[in-house]
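Enquirer: Listed below, chain by chain, are the residues.
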Amino acid sequence: MTFSLLHATDFADRLLYNIVPPLKAGMIVLADRFAYTAFARDAARGVDRRWVRELYSFAVKPDLAVYFRVPIEVSTDRLMARRVKLKFYEAGLDMGWSSNALESFRIFQGKVLDEYDRLVEEFGLSVVNAVGSITEQQRTFRKLVSQHLQIEETDEQLDEQLA
Amino acid sequence: MNSLTSSSPEAANTIRPGNYYGNGIPYLPIDGYPGKIIAIEGTDGVGRSTQIRLLREWLEVQGYGVIETGWTRSELMQPTIELAKASNTLNKLTFVLLYATNFADRLEKEIIPALKAGFIVLSDRYIFTAMARAGVRGVDRTWMRNLYGFAIAPHLVFYLKIDEKTLIRRVLQSRGMDFWESGMDMKLGDDIYESFRAYQRSLLREYTSMADEFGFRVLDARRKVDVIQDELRRQIGAFLAESDAASQPASP
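Listed in order, the protein sequences are those of chains R and H.
For the first sequence, my numbering begins at 10 and goes up steadily by one.
For the second sequence, my numbering begins at 1463 and goes up steadily by one.
Take the hints with a grain of salt, since some may be wrong.
Said to hold, decoys possible - To give an idea of the chain R side of the interface with chain H (calculated C-beta under 8 angstroms), a few residues:
no., residue
1, Thr18
2, Asp22
3, Gly55
4, Ile81
These aren't lab readings, by the way, just hints derived from the structure by calculation.
Each residue gets a CB set at the ideal place from its N, CA and C atoms; glycine is no exception.
Looking at chain R on its own, in the form it has when it is part of the complex (with noise of 0.2 angstroms):
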């Protein structure tokens, strides 16, 4: 619970500082992570699914929102092969549910990933199949951003400033 709440506390400090000011001024924010992943992350930990949507209804709804989904065992080789240290919180070793950090990751982001699936009908998330090479997931992500904005560019031209 304190864990959930600390977060809403940091995202309602953003969101009034660093997203309603320049959405005001007509900008186009971009938020990596959002709300959501504190709906699939506090969900994984049994914080009460209702009770933390309705905790993050003063957040503003993006018009836009986009989930990068990868298998769970492509994201632990990802961070293997970078020989990323696990953090403690994003590895749920505060959960107890193993005390190997890859194994508790594992059970963990599991989780984290059944919530997402969730979150993604019911908010009609975009999804973006992250397996796939940089290049290929920028070109998917941006036909998405370029159609909800109404840019009109063929394939060859984002091919080109992808190039």
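Put chain H on the given structure of chain R with help from the hints.
Expert: Chain H alone, transformed into the frame defined by chain R:
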């Protein structure tokens, strides 16, 4: 926002003392815990801490285990709250959420373990202070009630009620008016006296509006310390006798 209507009139009927108000904390079931929560509410300067000190002594003499918990006393959050207050970066939403975090920490780390172990938890203020402060600042009432849906309904809530005039004299006599207690963040005016008066008046209105909804036992805080204490002891004594009798197996 800002509506003065109380959230749901049927809420009072569904409150079960010793259980969560809302859906609670799913990973912490508290059914059947033997402890009790007794909350003493009221604005600053009504004499809560004096009454709690006396109650504690009285309860301990009778053999009850007692712990005290108070507002912003969480080990985790107190330094953060003090820092945020001092740096003037808080807005009403972050203010509300920091207090809720503090409460959640105390609930999980102090209150629930004490209830499980059969202690009497004397709470110097409970969630109602947060609700009153947020209500005055125009935070949505339904949202606030949902936010504190993880809180446990106390077995008894005493509200030490005072009027504005008596309160002002008491506060001035003791430690004077401070920035937050005067609601200076609400920019009601530059004059701290006027601001204190206006702010405390609306706070009192908020408490009154919650009295029915949350089943407050209202006590007149203008009376002498020992008169109030006697009344508290009488009501708490009756409640404890009743619940002790209920938990004892019938003698053969």
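Enquirer: All the hints need checking, so say for each whether the structure fits it.
Expert: Here is what the structure says about each hint:
1. Thr18: holds, 4 angstroms
2. Asp22: Nearest chain H Cβ about 5 angstroms off; hint holds.
3. Gly55: Holds. Min distance 4 angstroms.
4. Ile81: This interface hint is violated because 22 angstroms lies over the 8 angstroms limit.
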